[in-house]
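There are 2 protein chains.
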Amino acid sequence: MKLRVDLLPHGSYPDVVLVIDALRATTTAVTYLERGAQALLLTSTPEAALALRGTRDHLLLAGERGGLPIPGFDLGNSPAGANTPVLGGRTVVMNTTNGTGAAHIAAQSGKHVLLAALTNAHAAARRARALVTEGIAIVCAGTEGRVGLEDVYTAGVLAEYLLAMGEFTLDDGARIALTVRRGAGDPGEALAGSDHGLYLTTLGLGEDVRFASGLSTSTVVPTLVRGGDAPEGTLHFVAG
Amino acid sequence: MKLRVDLLPHGSYPDVVLVIDALRATTTAVTYLERGAQALLLTSTPEAALALRGTRDHLLLAGERGGLPIPGFDLGNSPAGANTPVLGGRTVVMNTTNGTGAAHIAAQSGKHVLLAALTNAHAAARRARALVTEGIAIVCAGTEGRVGLEDVYTAGVLAEYLLAMGEFTLDDGARIALTVRRGAGDPGEALAGSDHGLYLTTLGLGEDVRFASGLSTSTVVPTLVRGGDAPEGTLHFVAG
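Residue numbers (the numbering used here), protein chains in the order written: chain A, 4 to 243; chain B, 4 to 243.
Hints are not guaranteed to be accurate.
For identical chains, the list gives no copy identity; a pair is met inside one copy or between any two copies.
What the hints assert, rightly or not - Simulated pairs of lysine to aspartate or glutamate, DMTMM-like, Cα-Cα distance not exceeding 25 Å:
id	residue 1	residue 2
1	LYS114	GLU192
2	LYS5	GLU50
3	LYS5	GLU235
4	LYS5	GLU192
5	LYS114	ASP60
6	LYS5	ASP232
7	LYS5	GLU147
8	LYS114	GLU137
9	LYS114	ASP189
It should be emphasised that the hints constitute simulated quantities derived from the structure, not laboratory data.
All chains should be built: construct the whole structure from the sequences, respecting the hints.
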């Protein structure tokens, strides 16, 4: 079985794809579902998210650009700020700078698309292992076309869990991610010391960085549902 | 002073750029100049290299696609096979799958463009340190759009040398490269165990992989010369 890590989204994917944007989109997605959201709709642009407003009941719009909330949206992209009274039973429309785009790239060719973060790493690895027949690709969203330490570190954590669950042949991306996982300190150090972690801290969002560093604190794995009633151009995820 | 590592070519560059394609283009470039070639002309396509044939005396065409020599070229891309009787006094026109393209991207915005490999790592770092006023970018060529362990490892070696020569603020790429340098074994292990090292070995080119693993065995730093008489669209490098 092949295990591949793309340090940035690239090319076409095998049957199972784990998409990572640890700071913060996939961590937030896990948390929204954990805290009662019924479903997530990932759009490819903020405009596509705004266009959904009013098309169905119980929608919340969530997202960021450059780390900051998008004007006209209900929520930012804060996992630490997610709470059940707001989210319970709602469908959250999400659009973020990097993570939702990476999910769209993955969904073009991947069969099973899962969202992964440090917070659901063990559950996401188990789910991937249970689904795979061909190969697993872990896709790091990065930050505006640049490789992000937090995503590579998270990919290394997932790869480590997967290697404990079975035999895989690795590519260079997986070798790099595993080496980073083993050499870059504990999750809190790695995320807080990454470029994007430092940037979020300067925005006053250090609590999100700490939250995102929690290792396997959730068993929720956002899972792409195909062929449902999701609006054209959106990806429909539910808790798996 | 900033030190940035691009795990793949990306964006615009500061005043000093070190371009790495350790397996094998930049290792070969160092060796050609070390063994007597007068200059290198890097083209952006094989066709551009072939079109230079006959336009001036003493040209040799060298390059590869998918690791194999290009039909109509005089030489492949083998550092271990480079020898002085063939190269002495000649200008070598080079085109390779990844390395020459990365050099062209770097030259679009970088002021001082140097070619670096493990074999000239210390000399290349010293030259970069001597030239820099703004920042240094280390650019990994990768392999057909995928990050290559051999390039990231080499970037980590260069970063380590640079950090021993002065203070730098690092980006995530530099943090990842340094972690890989420290965690991925000695140069021979890292290169031989990389995807492209394994592929070259299956092609019978293991001697090139061993040659490319030699750490700081040369003091030649191929250096871009601007405004000379190089043909349009080619990059002119000489030993620096």
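Original post:
Between the shortest in-copy and the shortest cross-copy C-alpha distance, which are at most 25 Å for LYS114 and ASP60: within, between, both, or neither?
Top reply: neither (29 Å within a copy, 56 Å between copies)
Subject >> Intra- versus inter-copy proximity for GLU137 and LYS114 (alpha-carbon distance at most 25 Å) >> reply: within (10 Å within a copy, 46 Å between copies)
Original post:
Between copies, within a copy, both or neither: which fits LYS5 and GLU50 at Cα up to 25 Å?
Top reply: For LYS5 and GLU50, the Cα distance exceeds 25 Å both inside one copy (37 Å) and across copies (36 Å).
Subject >> Alpha-carbon proximity context of LYS5 and ASP232, limit 25 Å >> reply: neither (33 Å within a copy, 49 Å between copies)
Original post:
For LYS5 vs GLU192, is the C-alpha pair at or below 25 Å within one copy, between two copies, both, or neither?
Top reply: between (30 Å within a copy, 21 Å between copies)
Subject >> Alpha-carbon proximity between LYS5 and GLU235, which holds within one copy, between copies, both or neither at 25 Å >> reply: Answer is neither; intra-copy 32 Å and inter-copy 44 Å both fail.
**OP:** Classify it for me, LYS114 with ASP189: is the Cα-Cα distance of at most 25 Å met within a copy, between copies, both or neither?
**Re:** neither (32 Å within a copy, 38 Å between copies)
Original post:
At most 25 Å between C-alpha atoms: does LYS5 with GLU147 qualify within a copy, between copies, both, or neither?
Top reply: Result: close only across copies, 19 Å inter versus 28 Å intra.
Subject >> Identical-chain pair category, LYS114 with GLU192, by Cα at 25 Å >> reply: Answer is neither; intra-copy 34 Å and inter-copy 35 Å both fail.
Violated hints, in rising order: 1, 2, 3, 5, 6 and 9; the structure is consistent with all others.
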